[in-house]
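Participant: Here is what each chain is made of, one letter per residue.
Number of protein chains: 2
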Amino acid sequence: MSKLATIASVSFRNNSPYILPQIRSSFSRFPKMLSSSQSSAIHSSNSPRNSTMTPDSINQRVRTMEYAVRGALPIRAEQIQRDLEAGSKDYNFNKTIFCNIGNPQQLEQKPITFLRQVSSLVEYPELLSLENSSHTKALFPEDAIQRAKDVLSYVGSSVGAYTGSTGLPKVRQSVANFIKQRDGFESSPDNIQLTNGASGAVERVLELIVSDPSVGIMIPIPQYPLYTASLTRFGAQAVPYYLNESTDWGMDVSGLDKVINDARSKGINVKSIVVINPGNPTGGVLSEQNMQEIIKFCEKEKIVLLADEVYQTNVYMPDQKPFHSFKKIACQLDSPVEMFSFHSISKGMIGECGRRGGYLEMHNISPEIKEILFKMASVSLCSNVLGQIAVDIMVNPPKPNDPSYKLYNEEINGIYSSLKLRSQKLCDAFNKQENMSCRPAQGAMYLFPQIVLPSKFVEKCKSEGKEPDQEYSMMMLEATGVCVVPGSGFGQVPGTYHFRSTFLPPERDFDNFIATFDKFHSSFMSEFRN
Amino acid sequence: MSKLATIASVSFRNNSPYILPQIRSSFSRFPKMLSSSQSSAIHSSNSPRNSTMTPDSINQRVRTMEYAVRGALPIRAEQIQRDLEAGSKDYNFNKTIFCNIGNPQQLEQKPITFLRQVSSLVEYPELLSLENSSHTKALFPEDAIQRAKDVLSYVGSSVGAYTGSTGLPKVRQSVANFIKQRDGFESSPDNIQLTNGASGAVERVLELIVSDPSVGIMIPIPQYPLYTASLTRFGAQAVPYYLNESTDWGMDVSGLDKVINDARSKGINVKSIVVINPGNPTGGVLSEQNMQEIIKFCEKEKIVLLADEVYQTNVYMPDQKPFHSFKKIACQLDSPVEMFSFHSISKGMIGECGRRGGYLEMHNISPEIKEILFKMASVSLCSNVLGQIAVDIMVNPPKPNDPSYKLYNEEINGIYSSLKLRSQKLCDAFNKQENMSCRPAQGAMYLFPQIVLPSKFVEKCKSEGKEPDQEYSMMMLEATGVCVVPGSGFGQVPGTYHFRSTFLPPERDFDNFIATFDKFHSSFMSEFRN
Numbered sequence: 001m002s003k004l005a006t007i008a009s010v011s012f013r014n015n016s017p018y019i020l021p022q023i024r025s026s027f028s029r030f031p032k033m034l035s036s037s038q039s040s041a042i043h044s045s046n047s048p049r050n051s052t053m054t055p056d057s058i059n060q061r062v063r064t065m066e067y068a069v070r071g072a073l074p075i076r077a078e079q080i081q082r083d084l085e086a087g088s089k090d091y092n093f094n095k096t097i098f099c100n101i102g103n104p105q106q107l108e109q110k111p112i113t114f115l116r117q118v119s120s121l122v123e124y125p126e127l128l129s130l131e132n133s134s135h136t137k138a139l140f141p142e143d144a145i146q147r148a149k150d151v152l153s154y155v156g157s158s159v160g161a162y163t164g165s166t167g168l169p170k171v172r173q174s175v176a177n178f179i180k181q182r183d184g185f186e187s188s189p190d191n192i193q194l195t196n197g198a199s200g201a202v203e204r205v206l207e208l209i210v211s212d213p214s215v216g217i218m219i220p221i222p223q224y225p226l227y228t229a230s231l232t233r234f235g236a237q238a239v240p241y242y243l244n245e246s247t248d249w250g251m252d253v254s255g256l257d258k259v260i261n262d263a264r265s266k267g268i269n270v271k272s273i274v275v276i277n278p279g280n281p282t283g284g285v286l287s288e289q290n291m292q293e294i295i296k297f298c299e300k301e302k303i304v305l306l307a308d309e310v311y312q313t314n315v316y317m318p319d320q321k322p323f324h325s326f327k328k329i330a331c332q333l334d335s336p337v338e339m340f341s342f343h344s345i346s347k348g349m350i351g352e353c354g355r356r357g358g359y360l361e362m363h364n365i366s367p368e369i370k371e372i373l374f375k376m377a378s379v380s381l382c383s384n385v386l387g388q389i390a391v392d393i394m395v396n397p398p399k400p401n402d403p404s405y406k407l408y409n410e411e412i413n414g415i416y417s418s419l420k421l422r423s424q425k426l427c428d429a430f431n432k433q434e435n436m437s438c439r440p441a442q443g444a445m446y447l448f449p450q451i452v453l454p455s456k457f458v459e460k461c462k463s464e465g466k467e468p469d470q471e472y473s474m475m476m477l478e479a480t481g482v483c484v485v486p487g488s489g490f491g492q493v494p495g496t497y498h499f500r501s502t503f504l505p506p507e508r509d510f511d512n513f514i515a516t517f518d519k520f521h522s523s524f525m526s527e528f529r530n
Numbered sequence: 001m002s003k004l005a006t007i008a009s010v011s012f013r014n015n016s017p018y019i020l021p022q023i024r025s026s027f028s029r030f031p032k033m034l035s036s037s038q039s040s041a042i043h044s045s046n047s048p049r050n051s052t053m054t055p056d057s058i059n060q061r062v063r064t065m066e067y068a069v070r071g072a073l074p075i076r077a078e079q080i081q082r083d084l085e086a087g088s089k090d091y092n093f094n095k096t097i098f099c100n101i102g103n104p105q106q107l108e109q110k111p112i113t114f115l116r117q118v119s120s121l122v123e124y125p126e127l128l129s130l131e132n133s134s135h136t137k138a139l140f141p142e143d144a145i146q147r148a149k150d151v152l153s154y155v156g157s158s159v160g161a162y163t164g165s166t167g168l169p170k171v172r173q174s175v176a177n178f179i180k181q182r183d184g185f186e187s188s189p190d191n192i193q194l195t196n197g198a199s200g201a202v203e204r205v206l207e208l209i210v211s212d213p214s215v216g217i218m219i220p221i222p223q224y225p226l227y228t229a230s231l232t233r234f235g236a237q238a239v240p241y242y243l244n245e246s247t248d249w250g251m252d253v254s255g256l257d258k259v260i261n262d263a264r265s266k267g268i269n270v271k272s273i274v275v276i277n278p279g280n281p282t283g284g285v286l287s288e289q290n291m292q293e294i295i296k297f298c299e300k301e302k303i304v305l306l307a308d309e310v311y312q313t314n315v316y317m318p319d320q321k322p323f324h325s326f327k328k329i330a331c332q333l334d335s336p337v338e339m340f341s342f343h344s345i346s347k348g349m350i351g352e353c354g355r356r357g358g359y360l361e362m363h364n365i366s367p368e369i370k371e372i373l374f375k376m377a378s379v380s381l382c383s384n385v386l387g388q389i390a391v392d393i394m395v396n397p398p399k400p401n402d403p404s405y406k407l408y409n410e411e412i413n414g415i416y417s418s419l420k421l422r423s424q425k426l427c428d429a430f431n432k433q434e435n436m437s438c439r440p441a442q443g444a445m446y447l448f449p450q451i452v453l454p455s456k457f458v459e460k461c462k463s464e465g466k467e468p469d470q471e472y473s474m475m476m477l478e479a480t481g482v483c484v485v486p487g488s489g490f491g492q493v494p495g496t497y498h499f500r501s502t503f504l505p506p507e508r509d510f511d512n513f514i515a516t517f518d519k520f521h522s523s524f525m526s527e528f529r530n
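Residue numbers (full-length UniProt numbering), protein chains in the order written: chain S, 1 to 530; chain L, 1 to 530.
If we strip away everything but chain S, and leave its shape as in the complex, we get (with noise of 0.2 Å):
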């Protein structure tokens, strides 16, 4: 049994899903796992002679911080990279190709043309002026043109200025509107604040909620650790519930109430529960019926929902497993639910990420709390206003019969076909393979397959101190030259064993992928075949 597994299962009683385990609220070994060579590659050789800060000096919260999508695979494969672009013969493959992380763009998904064009003409606006505007209407359709007037006249001239703090009204606005298009409820600009990214909003949430350690805050397993790593951070704890694996990453809401009150019996002040929906690592959506649950449970336990929406546009089975906000079925509930719900411009068909735009939605909040929420973001000062500019454009894109409706509608259903097919192909790739078994993506840009891993493999890894699935992962790795985050990243039930893969390289990449993949995790079986 690994590490993570001796210490989780202290408390895995009852063969409950729900576990509490006594572990620091991350998983991954970022630090630990780097080898010198390894490390080498950040930092350089002008070490001080005789330093002030230590690692036991500093902020042991930040010390002990783990954050697994940029942990030690990827830096391995950035040095693999490295190689290989100095020529190295050392490997089987030719490139890496980066599936630890959801960023569709480095892995060639074309960006949205009007998206880029209205940033393009906001940059330079003297592209606008009349001299100008043969060369202009040339290179750019009239829609485009005309919306980065609207955007340069709402920015107040120029994007390089700083914002409001919780950004443009006018793309505040947009956004609200957009709720509102969206459930059917009203949504108001002043319960919007626009930030760097989702992350950027998670983080200054979590930042507000926790008052102190005693402070538990309910995440799945698994997660995306951006939750684990930011608990670390602000020094509160997770409480964890599982997710269920044979229900498609299904929730269990009566379970929560056992949870919950372990949680408190263990003197853990319980503010607040964490839902990510499509869910991320995990592809699952939630059911209408879950969410009046969560909803309920919230209520009924006197938390705050904090409800991680970015994969909203990613639903790959809208008929059986269709999207909805919890901001609506709360107001369907008329709930008085607080809640906060995050969005990003990183996801979806638009995969900005490199631009870090993104909102947070306050629900049910009081004013009190808002204007607290409100300084936080005024000590940063703004987001980047490209990012917000962005957000307004994912929340109000070309309509029918604007001159680049059509194109825009083909690169996004372009985009959202793809990846439907994507997920099928590599899902179906999983599945064939021995001792493992992967759950279709309902949603989101990530498969998580299980792998029984033969016991010789693990006892080999335990007789060594390592994870088991981060060496099946480095191995594949080594192999194949695709990078993917071990299950122990995101957490999982004591015992078993994941991996996350996005399935976002390229359709032209795909048969190549599977098949060097299933070379690899068959000369893997063969050797350590029980």
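Derived by calculation from the structure, the hints in this document are not laboratory data.
A couple of the hints might just be wrong.
Intra- or inter-copy, both count: the list cannot distinguish identical chains.
Claimed, not checked - Only pairs whose alpha carbons sit at most 25 Å apart, straight line, appear in this in silico DSS-like list of lysine-lysine: (1) Lys137 to Lys149; (2) Lys258 to Lys466; (3) Lys296 to Lys170; (4) Lys170 to Lys110.
For this one, chain S is given, so just place chain L on it according to the hints.
Facilitator: Chain L alone, transformed into the frame defined by chain S:
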């Protein structure tokens, strides 16, 4: 005496300018100063029926954290602006002027053309395609086109992808080259992290250093309130050292010994000193000798130096008071001092505040600490890519003989000369007022005049529970439309009163700006003169 002065004077002994006030680590009065009508601007009507989140239940550090630059004054100024836009005739002016924040492009400063041309091209790489080349060549100079191609090649095709956690390797290399060129000493890209403005960098380093509530960080008074806000946020103590107004806000380094000893005698674990050079809000520029002394002080006391150098090119007396970087002075002294330096695209002549680009350089920082700072960067994925690219252009601008060089040079020099002129004009205007004195700006973007407020006015404010400089500034706003920040937001010697004003309004607004201020102050003095 004001509330701050009363509290601070507890330890104001022996007429020393160096005092250690027993105050919370911030000075302004953000949330409490909002009237209910003002605060309604930042929240809407969907109030909760029965809140579980209350000001008492949340993180008390963020609750008490204060940030004057965006406090009650600018909120009121925005309200006035909205009134004016809605046609109100209630004011003696027709627009508000935001001198509370160094936001040049909000006040009509033109962006640097080359930076915007490259940004525009990388946003929409179709402009670089063969079929568009004739139009593109008509709109963009050759070197902007070439630079855009270079950028797209080093970002790996799209500005919409996440970069590595600490930023693009090529940009970090450019920054290292720039630093080497500036200082004459080596710099390594492995010591550079690209961040969302310098604020993001400062927050990251302070969070790293602050290990527990006994930690103290020495900060100048007056200071930029990011520091006090962040120290409250991370739970550390501000250990103030006072700048000397009578020597143009110079630093009396010998007095630092008393400050640190007093703090340590009270059980404060002083770990670091912040130096802002050129100074904000003071405009002072440190002498080389001062800097050497500060470095030796850090060595002797084994504390870490944080060098906020975002105004390094805003230096208006380059012969008498040139800018030197702390990195250079430390290298000249071959000092082992552990140091973080900060720079930004928001200031200088570039003024791209809304783009949120900046960097930190680590010097003499141990590999273990660098790894932890790298991990901190990872959790938020990366700083925004267009901000990173702007950093590259800032540190690597067009060169002599490049087609864009002439225009670039004209733009930079034009902004520089105008800033210098405006700083002198405003300083002269302040110095002509009764009971006011203002030190010239040696650097940065601000003046910080002192007003000897009539005792009649001070008594009146005290009896109403108001800060006199806050009240004076609010009256100025209501009378002139000019929004400044009261000195209490930055800290000041108890019993003295100041405000900070940028000198960024466009030259054509200056005479009007000065005339309305003149009128306001005369009438204020007539009313309250002793």
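Participant: Can you list which hints this structure breaks, lowest number first?
Facilitator: Going through the list in order, the structure violates hints 2 and 3 and respects the others.
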